[in-house]
Amino acid sequence: MTIHTASGSWVVPPHRAVWIPANVQHSVQMSGAVSMRTLYLLPALSKALPKECCTVNVPPLLRELILDAVARQTLQRSIPSEARLIGVMLDQIQALPAAPLQLPMPRDARASKVADLLKANPAEPASLEEIARQAGASPRTIERLFRSETNMGFAKWRQRLRLLHALRLLAAGESVTNVALETGYDSTSAFISMFRRELGTTPSRYHDRAQREAPGAVLRFFR
1 MTIHTASGSW VVPPHRAVWI PANVQHSVQM SGAVSMRTLY LLPALSKALP KECCTVNVPP
61 LLRELILDAV ARQTLQRSIP SEARLIGVML DQIQALPAAP LQLPMPRDAR ASKVADLLKA
121 NPAEPASLEE IARQAGASPR TIERLFRSET NMGFAKWRQR LRLLHALRLL AAGESVTNVA
181 LETGYDSTSA FISMFRRELG TTPSRYHDRA QREAPGAVLR FFR
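For the sequence shown, the numbering used here begins at 1 and goes up steadily by one.
A hint or two may mislead.
[Unchecked claim] Pair ranges (Cβ atoms, derived):
{"#": "1", "residue 1": "Gly32", "residue 2": "Ser81", "range": "47 to 55 Å"}
{"#": "2", "residue 1": "Tyr40", "residue 2": "Ala155", "range": "32 to 40 Å"}
{"#": "3", "residue 1": "Arg107", "residue 2": "Arg77", "range": "34 to 42 Å"}
[What the hints assert, rightly or not] In silico lysine-lysine, DSS-like type, Cα no more than 27 Å apart, as pairs:
{"#": "4", "residue 1": "Lys156", "residue 2": "Lys51"}
{"#": "5", "residue 1": "Lys113", "residue 2": "Lys156"}
{"#": "6", "residue 1": "Lys119", "residue 2": "Lys156"}
Since the hints were made in silico from the structure, they are not lab data. All figures in this text were calculated on a predicted structure; none of them were measured in a lab. Virtual Cβ for every residue (Gly too), placed ideally from N, Cα, C.
Whole structure, please, built from the sequences with the hints as guidance.
Below you can see the structure in the form of structure tokens.
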């Protein structure tokens, strides 16, 4: 599942969730078969939770708590057992570590043009110098804009774009070799090395886990 907002995109694999604060306009794109669970929290309950979108890891305990809450439908704080369930879930959500699955978008028109060019073709092999020329800016300017507006250097942003594209392709059932080629890597081993460095596992193991956990394992948070 991919969430798009004006400030960026977030990829949500089956064993993770996305937190979306109130009043954030967004769209949702699905890759492959998806079964999604959503929690809606009253603003009064979520003051200590993040003010911006983020993708988070979902531990087994929280996963089961959310599935239980969804099965109950609306939880009432006036019912002691349900109030305790709400409290435990909030404690769990507040402690969740963010996952590196966000792609922030630059705002400057020149950097935005570069970002759009690469999003249209993540496998684009052109160098920063060549891409900057198409955007009407110097490589140094593009690098500076990406660092100041996305908190990533250009190379890191490009790598993150390719990683998120790879996750969508893997979810759609593409082979690791095809995904490596579709994301611009010269060799499968180079792609696997990047994937393991960023997510702590290989693409094959990630895909196998995603297949096992897909039913009912995608949990989307709303505030």
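Quickly compare the C-alpha distance for Lys156 and Lys51 to 27 Å and report which way the hint goes. This hinted pair holds, its Cα atoms lying about 24 Å apart.
Taken at face value, is the distance from the CA of Lys156 to the CA of Lys113 at most 27 Å? holds (17 Å)
Distance restraint hint 34 to 42 Å, applied to the beta-carbon atoms of Arg107 and Arg77: holds (40 Å)
Is 47 to 55 Å right for how far apart the beta carbons of Gly32 and Ser81 are? About 36 Å separates the Cβ atoms of Gly32 and Ser81, which means 47 to 55 Å is violated.
Does the Cβ distance between Tyr40 and Ala155 fall inside 32 to 40 Å? holds (39 Å)
Does the structure keep Lys119 and Lys156 at a Cα separation of 27 Å or less? holds (14 Å)
Consistency with the previously given hints fails for number 1 only.
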